[in-house]
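One-letter residues, chain by chain:
Protein chains: 2
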Amino acid sequence: MNAKDEIFMRRALTLAKKAIGRTCPNPLVGAVIVKDNQIIGEGYHKKAGLPHAEIEAMNSVKNKNDLKDATMFVTLEPCNHYGKTPPCSIAIAQSGIKKVVIGMLDVNKTASGGAEYLKKSGIEVVCGVLEEEARKLNEVFIENKVNKKPFFVMKAAMLLNGSIAVKGGVSKWITSDKALRFSHKLRGIYDAVAVGINTIMMDDPLLTCRIRGYKQPKRIVFDTNLRITVSANIFSKYVNNVYIVTSLFSSASKKKVLEAMGANIIECEMSNGEFDSKDLSSKLIENDICSCVVEGGSRTHGYFVKNSLYNKAYLFYAPKITGSYGAFNAVGSQAPSNLQDVSLLKDMSCRKVGCDILVEGYF
Amino acid sequence: MNAKDEIFMRRALTLAKKAIGRTCPNPLVGAVIVKDNQIIGEGYHKKAGLPHAEIEAMNSVKNKNDLKDATMFVTLEPCNHYGKTPPCSIAIAQSGIKKVVIGMLDVNKTASGGAEYLKKSGIEVVCGVLEEEARKLNEVFIENKVNKKPFFVMKAAMLLNGSIAVKGGVSKWITSDKALRFSHKLRGIYDAVAVGINTIMMDDPLLTCRIRGYKQPKRIVFDTNLRITVSANIFSKYVNNVYIVTSLFSSASKKKVLEAMGANIIECEMSNGEFDSKDLSSKLIENDICSCVVEGGSRTHGYFVKNSLYNKAYLFYAPKITGSYGAFNAVGSQAPSNLQDVSLLKDMSCRKVGCDILVEGYF
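Protein chains in written order, with the numbering used here: chain R, 1 to 363; chain W, 364 to 726.
Here are the computed distance ranges between Cβ atoms for each label pair:
{"#": "1", "chain 1": "W", "residue 1": "Q401", "chain 2": "R", "residue 2": "E132", "range": "47 to 57 Å"}
{"#": "2", "chain 1": "R", "residue 1": "N338", "chain 2": "W", "residue 2": "N701", "range": "32 to 42 Å"}
{"#": "3", "chain 1": "W", "residue 1": "R573", "chain 2": "R", "residue 2": "N147", "range": "37 to 47 Å"}
{"#": "4", "chain 1": "W", "residue 1": "G717", "chain 2": "R", "residue 2": "Q340", "range": "12 to 22 Å"}
Over 12 Å on every C-beta distance to chain R, these chain W residues come out as not near it, computed from the model:
{"#": "5", "residue": "N422"}
{"#": "6", "residue": "K447"}
{"#": "7", "residue": "T571"}
{"#": "8", "residue": "T592"}
{"#": "9", "residue": "S616"}
In short, the hints are calculated from the structure, not lab data. Idealized CB from N, CA, C, for every residue including glycine.
Go ahead and model the full structure; you've got the sequences and the hints to work with.
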């Protein structure tokens with residue numbers, strides 16, 4: 001690996017990020033084509049079904065003869081299978097490109113093998129340039145393929161001692177406008193936003209992303225007994241984007257009413273009185289929900305923490321503190337009696353966002 | 364105010380800080396004497412009963428003739444009364460010094476008036492240079508004099524959702540060694556450390572400062588019904604530094620036993636089944652406890668938060684999270700039903716201390 005390789009790979013990573021929140025179930029990929037130390041072509045994967053980054057980059061080079069002896073920098077191993085598009089590995093091998101520098105190998109067994117194919121075709125292949133950055137870029141995709149589950153993100157707005165609502169469930173507004181804006185961005189970046197039915201009953205949120213330029217998320221409600229009413233705000237806009245996760249045994253007629261309105265019903269297996277976490281994960285993946293930011297409330301976070309489903313946390317702390325008796329804690333589930341049994345966060349960082357503190361970390 | 368004034372005043376502030384944790388009930392004060400833009404003398408107040416900073420600075424000038432036409436920079440208005448030492452105002456007026464630059468005026472009515480006296484004596488007086496820093500330096504002293512109460516500091520080590528202990532009260536150790544070390548420094552900086560009787564029963568702490576070069580704090584236990592046992596660890600060292608705050612009605616014979624051991628008993632008025640906060644504050648001040656870091660547990664923090672007694676908070680968050688049911692929250696008191704009724708923190712900041720996050724702020 002050398003410094004120039006890193007510069008071009010960093011450019012490819014930057015390109016890849018342009019499609020953040022839009023490529024599900026595909027990974028984010030960027031590609032740069034370089035000849036004589038000059039970038040002659042660039043591309044990134046914009047959306048599932050559209051061309052891969054490598055093809056976009058090659059297409060961006062007007063005179064195809066220029067590809068001869070060029071080097072391609074691509075954040076993810078070129079695919080080697082016929083999906084919605086033909087294999088990039090073949091297209092590269094036929095292009096005249098003589099060297100391919102790869103960020104990370106594909107963790108998706110179905111599509112991987114591109115690096116091997118290229119080598120066999122006589123192309124020089126270098127792997128692992130800015131691999132850590134490439135893996136972080138595709139943390140959602142990796143979680144989907146390796147653990148067969150959505151990348152679940154915990155988002156909570158708390159008092160300094162962990163309450164997300166005071167007595168009676170009052171939570172508007174604990175944190176400031178800037179924190180709220182950040183939360184809306186998360187809705188635009190991840191595929192879906194989810195809340196429990198209690199949050200719907202209490203706050204009646206829209207759950208849309210209200211920042212221009214960001215996509216609208218799918219909106220999920222965890223509602224075992226289908227207590228949601230047809231007049232809930234969540235149905236007032238983009239109703240096709242609403243997914244109600246419920247048990248097999250909740251009212252069939254209500255399911256029909258909600259489906260007739262355009263909402264999606266996801267029937268999930270139960271296990272010990274709550275959603276079976278494996279079935280929940282598969283059902284969400286089946287519905288092209290690769291990532292999901294869970295906004296609460298207390299019991300919903302409790303369920304996700306207890307079942308070790310979370311991958312990442314965005315925790316906001318307002319400069320406020322008060323008694324906890326009768327308040328709603330961020331994590332509404334049983335505490336262990338041993339400190340060894342708590343969930344740990346890695347790479348924890350903190351910073352001010354407006355007058356609040358944002359703590360980020362990985363489970 | 365000019366840039367040179369600030370440089371010399373900053374030096375005076377630095378000198379004052381050398382005695383941090385040792386001047387109670389007096390303020391921290393530093394003084395610098397300048398002639399022809401050169402520092403010719405320096406001093407700071409080391410301990411109650413010892414000379415004031417101004418006298419120390421004048422004494423540090425070997426040839427007293429050099430004081431003629433010199434300028435003194437002092438962080439706090441020179442005193443104007445006979446306390447344990449005679450008034451600095453007179454000594455300065457007699458020294459030949461022609462100008463005095465003051466950080467902040469004294470909030471202590473008994474000692475103030477020095478600036479006025481100096482002016483009347485024909486000395487040029489400038490007030491308010493780095494006043495904000497001077498006030499922050501003496502936040503404890505100001506609280507004592509203005510609100511007639513100790514400067515109370517909340518210190519808590521929490522999980523990310525506010526628990527200070529999991530089920531059964533297990534709290535060892537939530538945070539890392541670095542956070543623990545920081546807590547010991549707080550014990551060395553503030554006059555006293557305090558815990559509730561439940562913490563004594565559960566953790567049996569020593570509450571000493573275990574960092575070299577720092578003073579030992581007074582150690583306070585809030586123990587309404589005098590449940591503490593004579594074998595508690597806290598009595599194993601520096602027993603004269605132990606203060607048991609209890610009600611007038613707890614066992615008189617046990618009070619005698621504890622006093623015979625060398626511990627101090629503070630009898631506090633009760634109000635609605637808990638210590639009367641005004642009487643508590645007066646009794647602590649009477650015992651030369653000007654500042655006190657309260658380490659918990661849950662109900663003790665609850666009492667201090669509910670009664671708006673806290674001035675400052677040091678809140679540690681470990682990179683850990685778990686269910687809250689059955690856990691001990693940092694603030695064990697009733698939540699309000701309105702977000703307007705929570706306690707607010709000003710000047711909140713955050714930073715990593717080891718693998719934990721430290722949040723600081725002022726109530």
